[in-house]
Amino acid sequence: MEENTRAGAPITPAPLCRAPAQGAGISGSTAADTTLGRAPAQGAGNKAGGETGSEAEKIIEIRDLEKVYRNGAIEVAALRGVSLDIHKGEFVAIMGTSGSGKSTFMNILGCLDRPTGGIYCLEGLDINEYDDNELSLIRNQKVGFVFQSFNLIPRTSALKNVELPMVYGKVPAAKRHARAHALLDKVGLGDRYGHMPNELSGGQRQRVAIARALTNHPPILLADEPTGNLDSKSSIEIMELFAELNNDGNTVILVTHEPDIAEWAHRVITFRDGLIISDRTNPPKAPM
Amino acid sequence: MLFLENVKLALLAIKSNKMRSFLTMLGIIIGTSSVIAITTIGDGASSAVSAEFDSFGKNNANIYPNTYGMDYSDSSDRFTSSDIAALNERFGSEIEYVSPYYSAATDVKIGRMSGQFNLSSVSGNYIHVSGGSLAYGRDFSQSDIDNRREFVIIPEEAAKKFFGRGDVAGESISMSFAGQIREMTIIGVYRQKDSIFSRLMSGTSYAAYVPYTLWNDAPSEILDLYVGSSQSISASLDKITSYLALIHKRPADHYIGSSVEAQQTRMTQIMGVLSVAIGAIAAISLLVGGIGIMNIMLVSVTERTREIGIRKSLGAKTGDILVQFLIEAMLVSALGGLIGATLGIGVATVGMGLANVSVNVDPFVVLLSVGFSAMVGMFFGLYPARKAAKLDPIEALRYE
Ligand SMILES: Nc1ncnc2c1ncn2[C@@H]1O[C@H](COP(=O)(O)OP(=O)(O)O)[C@@H](O)[C@H]1O
Ligand SMILES: [Mg+2]
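Protein sequences appear in the order of chains A and B. Using the working numbering, the letters of the first sequence map in sequence onto residues 1 to 288. Using the working numbering, the letters of the second sequence map in sequence onto residues 1001 to 1400.
Incorrect hints may appear among the rest.
Each pair of labels, with its calculated beta carbon distance range [as the list claims (entries may be wrong)]:
1. A/ARG272 to B/LYS1018: 50 to 56 Å
2. B/MET1375 to A/ASP260: 55 to 61 Å
3. A/ARG272 to B/GLU1400: 47 to 53 Å
4. A/ASP185 to B/ILE1284: 54 to 60 Å
5. A/MET196 to B/ALA1355: 51 to 57 Å
6. B/MET1375 to A/SER232: 26 to 32 Å
7. B/GLU1400 to A/GLY99: 43 to 49 Å
8. B/PHE1022 to A/ALA174: 33 to 39 Å
9. B/MET1375 to A/ASN128: 39 to 45 Å
10. A/ASP185 to B/ASN1017: 31 to 37 Å
11. B/ILE1284 to A/GLU66: 53 to 59 Å
It is worth saying that the hints were derived from the structure and are not from the lab. Predicted model only: the values in this text are computed from it and were never measured. We put the CB at the ideal spot given by N, CA and C, even for glycine.
Make a model of the complete structure from these sequences and hints.
Listed below in structure tokens is the structure:
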């Protein structure tokens, strides 16, 4: 059992951000083949990340992460020194009250935003060392992001939305179509390829968004309150999908403030006022 | 991001906002269509006019006395057959044709047909030097001229209209000119090179030629002249006018020689000034059109802030967003340029059709206007596109 990583007590292991054995570099791997999911890491599957953490490969290493928002003279410290590791194949829920810094943390994990202090390593890459265009490439290749408000591009079909990360990843058109079709089949929207976002229900939109997040085989799948805009039935369906994806070997990190959503995860991290106040493992949820 | 992908995106954006896209293009459409219409009409007109000049013959000139501040009752500086003789003797082959010029309009009636002839005085060989040809009969001989024979050469269309056939040599018509009613014998029927003037005139009046000697040596104010085509016309005219001044005992610059070539040069200069003016109008209208495009692109960027945020979150680089909006701006204005060019050519074709002049559409002009419009779009789209490209992904995603 991994001990809780309390904020303010950083582990300082010798060299952080060393390049891992595989999956290193951001040199746009265009190998978007049509097989779904990533090859499961050894020991991954539906076991709690906490149990296998010491053996599985570290995907995320964070030390003393800080984020201060400055609006003129007003400063808001949204993150005040967060440290943690996440291993390949983990299913992590991040909880906490509104304003505790969850979204700020997720945006940094997703390389949408930069920390104002501390270190964030994603698959051995120190995010601080890359410029904006390189971060775009990292987001494209290494991050799948699912938002509360779906964030599909309007007047653009489900298929085109799913293809988009591959367009920016310069995947040839034929491969894009095949992969997007396969992903929409996988999330249960095999009959909705040509639908526009406004022709889909909330749950269906979120499925499209999940398919889109998976497109370039990212090592991490991030979701900021993915069920926040959904009814309870759709929420369960979406969580089943995340559980299935995690079962396939995907590393899933999701934010929620609903305890029954957090129950799906194998590790629950709680934020308060920009600090981690608890980090516990969860007994695996019984399959439905 | 791939070029084609961006073109598709831009077309989608244009299609999903049809009215707005059209209004955006309007400035460019108006600019290019007016420029294309004006230049096409101008080109058509100037080539028609220069063809007309060519039909007179570039070596044609008129000489007339400078009567500014002169006493009109003194006709001693005007031209008579003695001038013709003197010029022919002095310059010989350097002059291809020379005649005092008189003109008269006369109504003619043959059977139930009536019409008007515009008579011009000529000496021998006029039909040939002016670029026409005799269809039937013959030209005036020197003895016809010298003996003041009442002969006339008429155009083929007139022969067909009045007699129902072309070969009417030997027929007679009565005409009234130079103070007399005369029974004229048609000795020749000529065929003129096709020209706008002859087409515009057709059916109303006909240009017919009679010997200048029928005016009985009344002093003429104008000398019609064709210089040998191997000569420099302005040099020849200088020599001829100063020689005429010598004969008439006038100052050396008393006679003015006005050549078709010189008029054509002047015309070309006027066209040049005109095209500069058109260029200025084009520049202003494209500027206005470009500002319109910039304005709409700024609105579009603001409206699509969230979309830009989504694209960036999915891996779009600054350059990808920049290119996307630039291509959209370029496509809108290139489309405007294309519509404008089509419209301009349409207007020019209809306008020139009314004037019975053929339009020559230069495909290069269409290409140029589309290309130039696209460049205007690129220039004015750059600022909004940069604004879009520089958006912070988080702020863009949060935009409501
Ligand atoms: N762009 C911003 N500018 C200023 N303050 C911000 C900004 N984004 C978030 N914050 C502040 O940072 C804190 C954490 O916000 P957030 O990460 O969104 O919390 P959560 O997602 O847990 O509700 C809050 O106090 C919030 O007001
Ligand atoms: Mg939040």
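Hint by hint, here is what the structure shows:
no. : hint                              : in the structure
1   : A/ARG272 to B/LYS1018: 50 to 56 Å : 52 Å, holds
2   : B/MET1375 to A/ASP260: 55 to 61 Å : 59 Å, holds
3   : A/ARG272 to B/GLU1400: 47 to 53 Å : 28 Å, violated
4   : A/ASP185 to B/ILE1284: 54 to 60 Å : 57 Å, holds
5   : A/MET196 to B/ALA1355: 51 to 57 Å : 53 Å, holds
6   : B/MET1375 to A/SER232: 26 to 32 Å : 56 Å, violated
7   : B/GLU1400 to A/GLY99: 43 to 49 Å  : 19 Å, violated
8   : B/PHE1022 to A/ALA174: 33 to 39 Å : 35 Å, holds
9   : B/MET1375 to A/ASN128: 39 to 45 Å : 41 Å, holds
10  : A/ASP185 to B/ASN1017: 31 to 37 Å : 33 Å, holds
11  : B/ILE1284 to A/GLU66: 53 to 59 Å  : 55 Å, holds
Taken one by one, the earlier hints fail for this structure at numbers 3, 6 and 7, listed in ascending order.
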